[in-house]
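Asker: Please model the complete structure; the sequences and the hints are all you need to start from.
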Amino acid sequence: MPNLPDLPRELRDHIYKFCLVDSKSIPPWRCSSKLATGLLRVNKTVHREANLVFYSQNIFDFSDAHPDQVARLLDRIGPANAAQICHIIVTFPYLLGVHARPPCRRWTPAPPTSWTRRSGVAAPASGPSRPAAGTCVA
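Per the UniProt record's numbering, the sequence shown starts with residue 1, numbered consecutively.
Since the hints were made in silico from the structure, they are not lab data.
Predicted model only: the values in this text are computed from it and were never measured.
The C-beta atom is built at its ideal place from N, Cα and C for all residues, glycine as well.
One or more hints might be untrue.
[Said to hold, decoys possible] Label pairs and their computed distance ranges (CB to CB):
(1) Asp-68 x Pro-5: 16 to 22 Å
(2) Ala-80 x Asp-13: 16 to 22 Å
(3) Asp-68 x Ser-23: 26 to 32 Å
(4) Leu-7 x Leu-74: 16 to 22 Å
(5) Met-1 x Val-90: 41 to 47 Å
(6) Leu-74 x Pro-2: 19 to 25 Å
(7) Ala-36 x Asp-68: 27 to 33 Å
(8) Ala-83 x Pro-2: 27 to 33 Å
(9) Asn-81 x Leu-11: 22 to 28 Å
(10) Arg-30 x Leu-52: 17 to 23 Å
(11) Leu-4 x Asp-75: 27 to 33 Å
(12) His-14 x Ser-63: 28 to 34 Å
[Stated by the list, open to error] Straight-line C-alpha distance at most 20 Å; calculated EDC-like pairs for lysine to aspartate or glutamate:
(13) Lys-34 x Asp-13
(14) Lys-17 x Asp-64
(15) Lys-34 x Asp-61
Answerer: See the structure below:
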């Protein structure tokens, strides 16, 4: 029976994806218990290959995060892993006292927007268009 490093890289990538990629977004500081993160500790080669799959293919949900939490997380995972993150969810909160139009009676925030890093530039993820801000109901 072949060992993991003896398998072709394409097959190893499929194994990493099966073990380390969640179908839903994940908060980066509370990884899903169904992800087999122990795979990252097998050896240096597996760690390097699996990290690439983990950070580039998961959707990280930063919608409830304070900027200090995000900064600490990025420091902890290091610049090489942080550079691999391609999919994040962030919530742009309504800023009190800043109005582009008259104040609303009721404010309904927009749903979180998913962004994808393409060629080092943040751009909206493909899919149905979402409202840029929120909905103001008079």
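Asker: Which constraints among the numbered hints does this structure fail? Numbers only, ascending.
Answerer: 1, 4, 6 and 14
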